[in-house]
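J.: Listed in order, the protein sequences are those of chains Z and E.
Heads up: the first sequence at position 56 corresponds to 56 in the working numbering, and the numbers run straight through without jumps.
Heads up: the second sequence at position 62 corresponds to 62 in the working numbering, and the numbers run straight through without jumps.
Simulated from the structure, these hints should not be mistaken for lab results.
One thing to keep in mind: the hints can contain errors.
[To be verified] Within a straight-line C-alpha distance of at most 27 Å, the following computed DSS-like cross-link-like pairs (lysine-lysine) qualify:
| id | chain 1 | residue 1 | chain 2 | residue 2 |
| --- | --- | --- | --- | --- |
| 1 | Z | 41 | E | 26 |
| 2 | Z | 66 | E | 97 |
| 3 | E | 70 | Z | 41 |
| 4 | E | 26 | E | 69 |
| 5 | E | 97 | Z | 64 |
| 6 | E | 97 | Z | 20 |
| 7 | E | 69 | Z | 55 |
| 8 | Z | 14 | Z | 66 |
| 9 | Z | 55 | Z | 66 |
[Unchecked claim] Covered stretches of chain Z, going by a simulated chain E footprint (3 or more residues, C-beta under 8 Å):
| id | stretch |
| --- | --- |
| 10 | 22 to 28 |
| 11 | 63 to 74 |
By construction, the Cβ of each residue, glycine as well, lies at the ideal position given by its N, Cα and C atoms.
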Amino acid sequence: GAVVSQHPSWVICKSGTSVKIECRSLDFQATTMFWYRQFPKQSLMLMATSNEGSKATYEQGVEKDKFLINHASLTLSTLTVTSAHPEDSSFYICSARDSERSTDTQYFGPGTRLTVL
Amino acid sequence: SQQGEEDPQALSIQEGENATMNCSYKTSINNLQWYRQNSGRGLVHLILIRSNEREKHSGRLRVTLDTSKKSSSLLITASRAADTASYFCGFNTGFQKLVFGTGTRLLVSP
Chain Z
1 GAVVSQHPSW
11 VICKSGTSVK
21 IECRSLDFQA
31 TTMFWYRQFP
41 KQSLMLMATS
51 NEGSKATYEQ
61 GVEKDKFLIN
71 HASLTLSTLT
81 VTSAHPEDSS
91 FYICSARDSE
101 RSTDTQYFGP
111 GTRLTVL
Chain E
1 SQQGEEDPQA
11 LSIQEGENAT
21 MNCSYKTSIN
31 NLQWYRQNSG
41 RGLVHLILIR
51 SNEREKHSGR
61 LRVTLDTSKK
71 SSSLLITASR
81 AADTASYFCG
91 FNTGFQKLVF
101 GTGTRLLVSP
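Just chain Z, with the same shape it has in the complex (with noise of 0.2 Å):
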């Protein structure tokens, strides 16, 4: 059980272009859901909180007009980077909490590599 999916895995697109990232809760639903992203050989900062039915909170530094996050769903959640420049590139992992389980237990996902060339 507890198992997060995303997609795609690896996507590489040219600078000036969006791209959307999908998280998905399998076997449970989740109010609430985080975006994290990753640089080689670095920890994991979180990007943004992703509430279903609500505006995403932002952590400082995060563009939220470059960072769009839709929780439209309890089982999904989607990040879009707009207008991706090569810098944008890293590794972006999503995590969900099971909402009918009282854990603070975050379950992530596999990952998501953007190349932007």
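Dock chain E against the given chain Z, drawing on the hints supplied.
T.: Chain E in isolation, oriented as in the chain Z frame:
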């Protein structure tokens, strides 16, 4: 920065040996969690220890928490080559989100 610090940054041991990695943080926490990440993959949850707990075991894993020193340690006993991965501590300050440490890269050689 609220980010936790982990040491060592890298650890190389032989199969059968024990591996210990440490995590320090700066704020008050509700709980602390340890995760494993294989190269290029997502994180796998290993163990959660609450702020009122001092020690917790799960299989070959032993986690300690010292809230007075704001530190935690993860011990992997009788390590295996399959334990090779990066290990991260993540601490919860009460706002649902996790703040992660800098990570320890563990290499277990056969």
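J.: All hints are to be evaluated individually against the structure, with a verdict given for each.
T.: Against the structure, the hints come out as follows:
1. Proximity of residue 41(Z) to residue 26(E) is assessed by CA-CA distance (about 22 Å); at most 27 Å being required, the pair is judged to hold.
2. Under the criterion of a C-alpha separation no larger than 27 Å, the hint pairing residue 66(Z) with residue 97(E) is consistent with the structure, at around 21 Å.
3. For the proposed pair residue 70(E) and residue 41(Z), the alpha carbon gap of about 24 Å is at most 27 Å, so the pair holds.
4. Restraint check for residue 26(E) and residue 69(E): satisfied, since their Cα atoms lie roughly 9 Å apart, inside the 27 Å limit.
5. At most 27 Å may separate the alpha-carbon atoms for a hinted pair to count; residue 97(E) and residue 64(Z) meet this at roughly 18 Å.
6. Of the pairs offered as hints, the one joining residue 97(E) and residue 20(Z) holds, with about 23 Å between alpha carbons and a cut-off of 27 Å not exceeded.
7. At most 27 Å may separate the alpha-carbon atoms for a hinted pair to count; residue 69(E) and residue 55(Z) exceed this at roughly 37 Å.
8. Note on residue 14(Z) and residue 66(Z): the hinted pairing holds, with a Cα-Cα distance of about 16 Å set against a maximum of 27 Å.
9. A hinted pair counts as satisfied when its Cα atoms are at most 27 Å apart, and residue 55(Z) with residue 66(Z) qualifies at roughly 15 Å.
10. For the stretch 22 to 28 of chain Z, the stated coverage by chain E is violated: 0 residues have a C-beta nearer than 8 Å to a C-beta of that chain, whereas at least 3 were required.
11. Residues of the stretch 63 to 74 of chain Z lying with their CB closer than 8 Å to a CB of chain E number 0, which falls below the three-residue condition for coverage.
Consistency note: the structure conflicts with the earlier hints numbered 7, 10, 11.
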